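2 protein chains.
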Amino acid sequence: MKIKALFIAISIIAFLVVPAMAADVSSDPLPSWNDGKTKQAILDFVAATTTKGSPDFVPTEARIATFDQDGTLFVEKPLYTEFVFALDQIKLLYPKHPEWKTTPPFSTILSGDRAAIEKLNPKDMAKIVAVSHSGMTVDQFKEVVRQWLATAKHPRFHKPYTALVYQPMLEVINYLTANGYKSYIVTAGGQDFVRVYSDDIYAIPPERVVGTAGQTKYTYGQGGKSELVKLPKVLMVDDKAGKPSAINLMIGRRPYASFGNSDGDQQMLEWTEAGIGKRLMMLVHHDDAKREYSYGNESKIGRFSDALMTEANQRNWNVISVKDDWKVVFP
Amino acid sequence: MKIKALFIAISIIAFLVVPAMAADVSSDPLPSWNDGKTKQAILDFVAATTTKGSPDFVPTEARIATFDQDGTLFVEKPLYTEFVFALDQIKLLYPKHPEWKTTPPFSTILSGDRAAIEKLNPKDMAKIVAVSHSGMTVDQFKEVVRQWLATAKHPRFHKPYTALVYQPMLEVINYLTANGYKSYIVTAGGQDFVRVYSDDIYAIPPERVVGTAGQTKYTYGQGGKSELVKLPKVLMVDDKAGKPSAINLMIGRRPYASFGNSDGDQQMLEWTEAGIGKRLMMLVHHDDAKREYSYGNESKIGRFSDALMTEANQRNWNVISVKDDWKVVFP
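Note that the protein sequences, when read in sequence, are chains A and B.
Numbered according to my numbering, the first sequence terminates at residue 571, and the numbering increases by one at each position without gaps.
Numbered according to my numbering, the second sequence terminates at residue 571, and the numbering increases by one at each position without gaps.
Derived from the structure by calculation, the hints contain no laboratory data.
Owing to the predicted nature of the structure, the values given are computational and were not obtained by experimental measurement.
Be careful, since some hints might not be right.
Said to hold, decoys possible - Pulled a few chain B residues facing chain A out of the computed Cβ check, cut under 10 Å:
#1 Glu447
#2 Leu468
#3 Lys480
#4 Ser485
#5 Leu489
#6 Met490
#7 Arg493
Claimed, not checked - The list that follows gives simulated cross-link-like pairs (lysine-lysine, BS3-like), each with its CA atoms no further than 30 Å apart:
#8 B:Lys465 to A:Lys540
#9 B:Lys367 to A:Lys457
#10 B:Lys367 to A:Lys422
#11 B:Lys382 to B:Lys367
#12 B:Lys422 to A:Lys422
#13 B:Lys563 to B:Lys540
#14 A:Lys359 to A:Lys331
#15 B:Lys540 to A:Lys457
C-beta atoms are modelled at their ideal positions from N, C-alpha and C, and glycine is treated no differently.
Excised from the complex, chain A in its bound form (with noise of 0.2 Å):
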């Protein structure tokens, strides 16, 4: 009897003590956004989806939010920089393999003539990614990419990779982490070199990233110690209509909010959109040169053609402008 007073008494206060303390915290959960429409949007959604006795109400266990992440989460210009890693690797790996001076693509990285890199097809970069992520343990690669991460500097910058993350949309994960949603990260981008920082610097654990991903091999090292290989081998392509396929195979469950910014996007927008109740879905714009980087429907990496633009207005997709929408870039 003399616990369940206590408890009593502790329901008592906490149920005076927490409202006070919500509204205090989520007066402005997304102080980085400019008010207007696309910012409303992401605060009705969430409402809609987590307020009890809303005819939108999701289920705590339901609440998935997926992110695009080169130019979603954070730059991609003028290179991803998981390609910047994977041509940082071919020239370690250079002196092993002389043949590599005369054999495309890989005597265009090692001409060091960048306008030629910038132009790679996603064929010639996917074949520099093979052989740069393979050959080796899944946790050495982890160190490789860790250690690569501490040094490499991003050309206009001069930072870190990991530090032009765009501080708006960590807002937006935070805001949906405290209410009850999980978010999860479906890149086209290696799972294996994103999951490395994805906790550090969106608070995204490996467990959540969806990436395009390898073929692994189990085998035994030094003292019949287990290990898995990486090797040369595409496992599953996690862009374009791969992403929903990718979706559904990891999570299991179709997302109530998707975040995108380019082509690459689109079928995992449209994917969300496609379930029932209400969805949120949000397509990052590169429209201001000054803080970061203008770019649209020229542009091979990251492209946000006219046709997805059209496809957005149609449906009534938000777009988020970084020109207008967003007061500050970076954290």
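Put chain B on the given structure of chain A with help from the hints.
Just chain B now, with coordinates in the frame of chain A:
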């Protein structure tokens, strides 16, 4: 200041009340287990990895446990539940495929010859599963499975298959959950199949089910609505050496505890053991024909070979005897 004072009050009350409750609830977290070496191994593992200051302490976010399903969490004899489902589907689909009457392995199924069906090899079984699990959308498949589970009964126990879970293993999952562990199913069974009921019967949500998976195709159905169609093509086989690869793909962390019951789980346990610090490796050994089934080296389904038993003994893995370690088998 007033709120701060209230918080201090709550903290003091919580400090007094919570340990008293914990002691009460955890008096025996594994009541269906007989006292002995096996039960003690589970208790010791949890204490060692969750007690602050312990040399083997594991932070909450890294507390991952993986469970095989068939034969580890529920009955797999005389046939895997999913295979029984597949057989029933083949019979339903037969009118559209009259050629099956004379085409093995379909003809074997349609003959109804139970002994011949139980002797089908893995390749034939894979063919049957592929055909019965494809040609529809992911959502349609879930509905078909749901309807089948609602009426199908086990031939010996005359209960729904989902009622034939092992009570002692449910207690292990609950005990691990109460101690901050996240439990995953890692099964050679179909991921989409197991996800239909895993939350209901094990309290393991779909995103924590890792299984054999087929490819899916993103397409547009009626009214241009997004759909994912299941293809009769395998993406990954989550068995034997495929289990560590699937764990790496789907979770991205190494488990601290792994539970299996057959040769299909050997590599998962080796992979678990190869991690740093204290790990728990357990194998259910079915030696109780009276209450359930007795099988081992000779069995085609759920084979627990003599070689695996030798490895388990050499590595000091824990072998669970259904007869000796479990007070009850079913809830």
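Status of each hint after checking the structure:
| no. | hint | in the structure |
| --- | --- | --- |
| 1 | Glu447 | holds (5 Å) |
| 2 | Leu468 | holds (6 Å) |
| 3 | Lys480 | holds (8 Å) |
| 4 | Ser485 | holds (5 Å) |
| 5 | Leu489 | holds (6 Å) |
| 6 | Met490 | holds (6 Å) |
| 7 | Arg493 | holds (6 Å) |
| 8 | B:Lys465 to A:Lys540 | holds (28 Å) |
| 9 | B:Lys367 to A:Lys457 | holds (24 Å) |
| 10 | B:Lys367 to A:Lys422 | violated (37 Å) |
| 11 | B:Lys382 to B:Lys367 | holds (20 Å) |
| 12 | B:Lys422 to A:Lys422 | holds (15 Å) |
| 13 | B:Lys563 to B:Lys540 | holds (21 Å) |
| 14 | A:Lys359 to A:Lys331 | holds (18 Å) |
| 15 | B:Lys540 to A:Lys457 | holds (25 Å) |
Comparing the model with each numbered hint stated earlier shows that hint 10 is the single one that does not hold.
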